[in-house]
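Using the hints, position chain S against chain W.
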Amino acid sequence: MGEIVLARVDDRLIHGQVMTKWSRGLGCNAIFVIDDVISKDPLMKNVYSMSALTSGLTIKVLSVDEVMQNWKETKFGKYKVILLFKNIETVKRVVSEGLNIQKLNIGGISKKENSKFVIPSVALTKSDAEILEELNEKYGVEVTFQMLPDTKKVSLADALKTLD
Amino acid sequence: MVYVLIITHGCFGKELLRSAELIMGEQQDAKAICLNLGDEVEALRNEVEDIIIKNKSLNKETIIFVDVLGGSPSNVALYMSNKYGTKVITGVNLPMLLELFASRNTDTVEELIDKAFKSGIGGINKI
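Chains as they are written, first to last, in the working numbering: chain W, 165 to 328; chain S, 20 to 146.
Excised from the complex, chain W in its bound form (with noise of 0.2 Å):
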């Protein structure tokens, strides 16, 4: 059985962050984008798998179906992954069709018209932080917000004050 090491929202899924900081420490092998726009785009599918070419992390790009397939028959088998989300609608979608996401890592929503910054690099629309807190109160998600692993984390509960 495999293992969830992350769980995270950044709208630029893999990038330097992620593969500098965040991949290593945890002891992850794997990297699974989820998103159903981009797992039907073979050149963006490219780009992201050869990105990490040189890194020795397997990259799957999965649709929300495919990733609950792959939970369901194999519970990821021997990938020890980081989940990386685009956005924080795709995260209820899976937690919501049994995906055991404990821990979610907030790290980079891009600002938007309506949207709030909460940290530097994330900015939180009104329906954003609604989900959130559905996905905390009735699944027990623990939501926190943070960049890179030794950046300031910021809880749920403070980034919702940040919004009113």
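Keep in mind that the hints were calculated from the coordinates and are not lab data.
Estimated spans, in silico, between C-beta atoms of each pair:
no., chain 1, residue 1, chain 2, residue 2, range
1, W, Lys267, S, Glu61, 24 to 34 Å
2, W, Gly191, S, Glu59, 30 to 40 Å
3, S, Glu61, W, Glu294, 21 to 31 Å
Below, a sample of chain W positions facing chain S; criterion: calculated Cβ distance under 10 Å:
no., residue
4, Asp175
5, His179
6, Gly180
7, Asn210
8, Val211
9, Tyr212
10, Ala216
11, Ser285
In this text, all values refer to a predicted model and were calculated from it rather than measured experimentally.
Heads up, the beta-carbon is just placed ideally off N, CA and C, and yes, glycines get one too.
Frame of chain W; chain S shown alone:
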């Protein structure tokens, strides 16, 4: 002449280009783009794509140099590589740029890539 595009985290690439020009003299068809904290990767991709398309329309080849494989600059470069066949070199350093600027009036893109790659590695010594 081959167009040189350098993309890095922060303005390392911009300074690297200035350092290369200090040694080789001012360069035409060379540009460095900084990706800073808070910058949109999407905007970077559009900027780079515009450069590639413009160069193509002028029958000019582009080589993209980036700092680290797996970073956002390299993701943008790999996107161009997949979409337009643009050549990409990661781990950009001064020796490879000097070699490239010295040879790009005479050599083909393939030769340049090869020379830059070798000079980049050859420029690293343990003494």
